[in-house]
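Number of protein chains: 4
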Amino acid sequence: DKPLVVIAGPCALESRAHALEVSAALKEIAAGLGLGLIYKTSFDKANRTAANSPRGIGMELGLPIMAEVREATGLPVLTDVHDAGQCKPVGEVVDVLQIPAFLSRQTDLLLAAGETGRAVNVKKGQFLAPWDMKNVVAKIASTGNHNVLQCERGASFGYNTLVSDMRALPIMAANGYPVVFDATHSVQQPGGQGTTSGGERQYVPVLARAAVAVGVAAVFIETHPDPDKAPSDGPNMVPLRQLPALLAELMEFDRLAKARPVA
Amino acid sequence: DKPLVVIAGPCALESRAHALEVSAALKEIAAGLGLGLIYKTSFDKANRTAANSPRGIGMELGLPIMAEVREATGLPVLTDVHDAGQCKPVGEVVDVLQIPAFLSRQTDLLLAAGETGRAVNVKKGQFLAPWDMKNVVAKIASTGNHNVLQCERGASFGYNTLVSDMRALPIMAANGYPVVFDATHSVQQPGGQGTTSGGERQYVPVLARAAVAVGVAAVFIETHPDPDKAPSDGPNMVPLRQLPALLAELMEFDRLAKARPVA
Amino acid sequence: DKPLVVIAGPCALESRAHALEVSAALKEIAAGLGLGLIYKTSFDKANRTAANSPRGIGMELGLPIMAEVREATGLPVLTDVHDAGQCKPVGEVVDVLQIPAFLSRQTDLLLAAGETGRAVNVKKGQFLAPWDMKNVVAKIASTGNHNVLQCERGASFGYNTLVSDMRALPIMAANGYPVVFDATHSVQQPGGQGTTSGGERQYVPVLARAAVAVGVAAVFIETHPDPDKAPSDGPNMVPLRQLPALLAELMEFDRLAKARPVA
Amino acid sequence: DKPLVVIAGPCALESRAHALEVSAALKEIAAGLGLGLIYKTSFDKANRTAANSPRGIGMELGLPIMAEVREATGLPVLTDVHDAGQCKPVGEVVDVLQIPAFLSRQTDLLLAAGETGRAVNVKKGQFLAPWDMKNVVAKIASTGNHNVLQCERGASFGYNTLVSDMRALPIMAANGYPVVFDATHSVQQPGGQGTTSGGERQYVPVLARAAVAVGVAAVFIETHPDPDKAPSDGPNMVPLRQLPALLAELMEFDRLAKARPVA
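Protein chains in written order, with this note's numbering: chain Y, 1 to 263; chain H, 264 to 526; chain C, 527 to 789; chain U, 790 to 1052.
Check each hint, because a few of them may be wrong.
[As the list claims (entries may be wrong)] With a Cα cut of at most 20 Å, we get these calculated DMTMM-like pairs of lysine to aspartate or glutamate:
| id | chain 1 | residue 1 | chain 2 | residue 2 |
| --- | --- | --- | --- | --- |
| 1 | Y | Lys258 | U | Glu1041 |
| 2 | Y | Lys229 | Y | Glu21 |
| 3 | C | Lys614 | U | Asp872 |
| 4 | C | Lys528 | C | Glu547 |
| 5 | Y | Lys88 | Y | Glu115 |
| 6 | C | Lys755 | C | Glu547 |
| 7 | H | Lys290 | H | Asp489 |
| 8 | U | Lys791 | U | Asp884 |
| 9 | H | Lys351 | Y | Asp83 |
| 10 | Y | Lys258 | Y | Asp83 |
| 11 | C | Lys553 | C | Glu586 |
| 12 | C | Lys553 | C | Glu597 |
| 13 | C | Lys553 | C | Asp621 |
| 14 | Y | Lys88 | H | Asp489 |
| 15 | H | Lys521 | C | Glu778 |
| 16 | U | Lys877 | C | Glu778 |
| 17 | U | Lys816 | U | Asp872 |
| 18 | Y | Lys258 | Y | Asp228 |
| 19 | U | Lys791 | U | Glu1041 |
| 20 | U | Lys1047 | Y | Glu252 |
| 21 | C | Lys528 | C | Asp621 |
| 22 | Y | Lys27 | Y | Glu14 |
| 23 | C | Lys755 | C | Glu726 |
| 24 | C | Lys784 | H | Asp346 |
[Said to hold, decoys possible] Sample of chain U residues lacking proximity to chain Y, with all beta carbon distances greater than 10 Å (derived):
| id | residue |
| --- | --- |
| 25 | Gly825 |
| 26 | Asn841 |
| 27 | Gly847 |
| 28 | Arg859 |
| 29 | Gly983 |
| 30 | Arg1030 |
Simulated from the structure, these hints should not be mistaken for laboratory data.
Quantities reported herein were computed from a predicted structural model and do not represent experimental measurements.
Heads up, the beta-carbon is just placed ideally off N, CA and C, and yes, glycines get one too.
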């Protein structure tokens, strides 16, 4: 199997300068480690816990910045889409369209994403069983686009808590598409701080390592130079300075896991 | 408190003839019982389990039929919207816009629904805690529209199962907006039949009665002349011929509950 | 069906004087309401969250007090047993032996309780599905004792939280033995205060009412003259002075539910 | 940190001959791998799903066989105890007393096990949060015995399903006692076959590997020469012939995990 890839970046596209700075830093980290990296960023946080939370820079301002990041760094770029109409313009700029977990059953969005011909990373809804993803990826594949990634990001477990079921990884892999483990949102505490979501950053390495040992194509880890000042997902983003050591460890586990695939 | 209202109708708008027939039957049932009834129907099943499940008649064909049902029966009509762009045209026809549970955190949709000035019935996501609904209804109310209904429809409980937490009813009521209990989708087994959702119709009266005894403004019960032939949600719809007796019982529990509100 | 019975009393047997006082008060309440009441008390809290929590008066001191309560008030008495050896001596004194939820799968305990010939109230484990209780009650019935009560007291729902699934009531009733709803422990937050369990007393009437409307043989409600000073389960016990009004309401819902049994 | 240890053996002590045969085979496997192994066996299955399931050989017949296994193989032996009275006689024979998950809150049993001075492996109840184990181990440690192991074996997740939360491993490790991951019972489907528990053996290597990568002191894996003929837990036991390869892989992951401890 192919070596581990990382999908990394800040939760939100904060500004052109911030995007260029963080993507350059990530490119350097990836190059230093010999690791494939996809730059993740979002132009809109369309489902914030509360109405007055910052939404983001928007698609019109965001896409040219993503194009610039792509050109400046040579990194492939991933961003999320929230309605069918966004898929075409976004697909003209980025390499990977991402379907948010809450929207993983919205047929029109899945079809429109598939029709771009771009890779599509679809997150498993918190309300779905691993075997339910077969139907989700089939919707995308029905467009003739088989460049699909399936992303585990936790299942609802009581209130304001998610749990990561590692059995989901081989169950989804059996669908025939690569599996991504989102270590950032798996440690989210949805709505857990009243008007924002909480998170437990300290468990990102724990869950990422477990998933990599089981065997995944990629890990998804949001990172930020100063997470506590980030506009969203601060509590579960990994500080940028801690990322190289974390990734190096995950690469070691990946080499072992790929040499010894789970039967 | 005001007497119980029922939101009832078939899951999908199957055809003009079917809609006129079922709505006329429901109007007669409601009149016979002296019960307020809102007719529920859907022009699109936008998040079916599988891509090849029937989607529905569509907005353009559906809205004129809803207008005709409204005029023919005098019943208020409720239908669900799936993206922000649908809210304005739908709001010009129906009385209540409904936000699907999976979409209960999509800010743009909530705002667009609120801005129609119509009543908005927002379903609680299967991934939300009852106290999370405070933020959801605040998004709608931020448009100046306070005609909001909050709908309980079950919380994720392990895989392919929902559970109805009756504590959610008073917790949501404390937000200051009426609470609806959706007895039909609370007994759904999401994805539980492989490529379709299963359901346990026999528990509709059980959960509806429990919720009415606790105290709700309305119950939501999907019904069909022949559920096993319905294009969606057949396993959890109540046969139309059983509806009058069920509603009569719920009205008795409602009278007692309204006379003896939970402290 | 027979009218609702209530199982009530303080969580722990605190002292002879306390037991005689509370049981006399409960007898008076029950007589005033025309309600059947079983007095609940415990001589040992055998599974406290922490080792240094008070355990209780013990079996040797407790049983004579229970006998005295029984004689003084004429009320039947229920208490819980924690190992097979306790069943015989306890069964010589009380009317109902109760199996704690954590112990609901311990075969020897179930058999020993059954062999006393006394009524046995077995709580459904927080880790059991409603349909699992068929096997539990069959263990007791295998002794030839069919005087069995099945008690719903919540299912594990994420961490430190329970949820009451009202569907469990008819599912268990189908086993052919009366169903009890424990409203006190269903609102427990197990381990939720670090070294003790928390609880949400305000939801006792909510869940009790829902269960009674669905239809149960009995409700189980722990009560105390001053819950906040009680040695255990204080946060979820109902103050004794609020009990009469709560029971009166539940009796009204019971009359309606028994007149209109769920199909 | 010390290298991984495995706790392995058949679920039940079936007979003297079976015990001597399996323990000899396990000793050879462990010696071949240079792996520390504790032999697990049970003289009583005290909480079978149904009353007519086989219980086991019993304590009186079982203990001499365990002593013989210990002497013949030189392996330390672990067995489970079900009431306080069993602790002393069992502690005179075996090296590790195990507290079953359902009994993890029974104070008397925990104290009696602690008082033997033997190592105590206490399973985390399916109804407990990881942080609740602090109180459980404190009960044992209150006897002055600090030779305590904490065992993760899954948490209730909906009905008839368990989920393994890998965050539980570092949370429990913070209590200061070694952590064991029970890969066999974590894949159990409690009560999932009506009158017996089901299981998904194929996920034993998945979950074991994830846990070892996170970092544990030991893994617990039940094994049997012919699991489908075993009297209990057949569906989740690993065939003996597959064990050496599985253990060899886990040892590789353990070496990496111990060299790179999670921060």
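Right, here's what the structure says about each hint:
1. For the hint linking Lys258(Y) to Glu1041(U), the alpha-carbon distance of about 13 Å falls within 20 Å, and the restraint holds.
2. Proximity of Lys229(Y) to Glu21(Y) is assessed by CA-CA distance (about 16 Å); at most 20 Å being required, the pair is judged to hold.
3. Between Lys614(C) and Asp872(U), the direct Cα distance comes to roughly 17 Å. Compliance with the 20 Å bound is thereby established for this hinted pair.
4. With a C-alpha separation of about 29 Å, the suggested pair Lys528(C) and Glu547(C) falls outside the 20 Å cut-off, and the hint is violated.
5. Between Lys88(Y) and Glu115(Y), the direct Cα distance comes to roughly 8 Å. Compliance with the 20 Å bound is thereby established for this hinted pair.
6. Restraint check: the Cα-Cα separation between Lys755(C) and Glu547(C) comes to about 16 Å, which is no more than 20 Å; the hinted pair holds.
7. Of the pairs offered as hints, the one joining Lys290(H) and Asp489(H) holds, with about 18 Å between alpha carbons and a cut-off of 20 Å not exceeded.
8. Simply put, Lys791(U) and Asp884(U) have alpha-carbon atoms about 19 Å apart, close enough for the 20 Å limit, and the pair holds.
9. Under the criterion of a C-alpha separation no larger than 20 Å, the hint pairing Lys351(H) with Asp83(Y) is consistent with the structure, at around 17 Å.
10. The straight-line distance between the Cα atoms of Lys258(Y) and Asp83(Y) is roughly 36 Å, outside the 20 Å bound, and the hint therefore fails.
11. Between Lys553(C) and Glu586(C) the alpha-carbon distance is near 25 Å, which puts this suggested pair outside the 20 Å criterion.
12. Simply put, Lys553(C) and Glu597(C) have alpha-carbon atoms about 12 Å apart, close enough for the 20 Å limit, and the pair holds.
13. Restraint check for Lys553(C) and Asp621(C): satisfied, since their Cα atoms lie roughly 16 Å apart, inside the 20 Å limit.
14. A hinted pair counts as satisfied when its Cα atoms are at most 20 Å apart, and Lys88(Y) with Asp489(H) does not qualify at roughly 41 Å.
15. For the given pair, Lys521(H) sits about 13 Å from Glu778(C) by alpha-carbon distance, which is consistent with the 20 Å threshold.
16. Pair hint Lys877(U) plus Glu778(C) does not hold up; C-alpha atoms about 54 Å apart against a cutoff of 20 Å.
17. Between Lys816(U) and Asp872(U) the alpha-carbon distance is near 30 Å, which puts this suggested pair outside the 20 Å criterion.
18. Taking the CA atoms of Lys258(Y) and Asp228(Y), the gap is about 35 Å. The hint is violated against a cut of 20 Å.
19. Proximity of Lys791(U) to Glu1041(U) is assessed by CA-CA distance (about 14 Å); at most 20 Å being required, the pair is judged to hold.
20. Between Lys1047(U) and Glu252(Y) the alpha-carbon distance is near 13 Å, which keeps this suggested pair within the 20 Å criterion.
21. Distance restraint check for Lys528(C) and Asp621(C): the Cα-Cα separation of roughly 19 Å lies within the 20 Å cut-off, and the hinted pair is therefore satisfied.
22. With a C-alpha separation of about 18 Å, the suggested pair Lys27(Y) and Glu14(Y) falls inside the 20 Å cut-off, and the hint holds.
23. As the CA atoms of Lys755(C) and Glu726(C) are separated by approximately 16 Å, the hinted pair is consistent with the 20 Å bound.
24. As the CA atoms of Lys784(C) and Asp346(H) are separated by approximately 46 Å, the hinted pair breaks the 20 Å bound.
25. Consistency note on Gly825(U): stated as away from chain Y, and its beta-carbon is indeed over 10 Å from all of that chain's, at 21 Å minimum.
26. With a least beta-carbon separation of about 31 Å from chain Y, Asn841(U) lies farther than 10 Å from that chain, consistent with its non-interface assignment.
27. Distance check on Gly847(U): its Cβ is at least 36 Å (rounded) from any Cβ of chain Y, clearing the 10 Å threshold; non-interface status holds.
28. Every CB of chain Y is more than 10 Å from the CB of Arg859(U) (nearest about 33 Å), matching its label as outside the interface.
29. The Cβ of Gly983(U) sits about 21 Å from the closest Cβ of chain Y, beyond the 10 Å cut-off, so the non-interface label holds.
30. The claim that Arg1030(U) lies off the interface holds: its Cβ sits roughly 13 Å from the closest Cβ of chain Y, which is beyond the 10 Å cut-off.
Violated hints, listed in ascending order, are 4, 10, 11, 14, 16, 17, 18, 24; each of the other numbered hints is respected by the structure.
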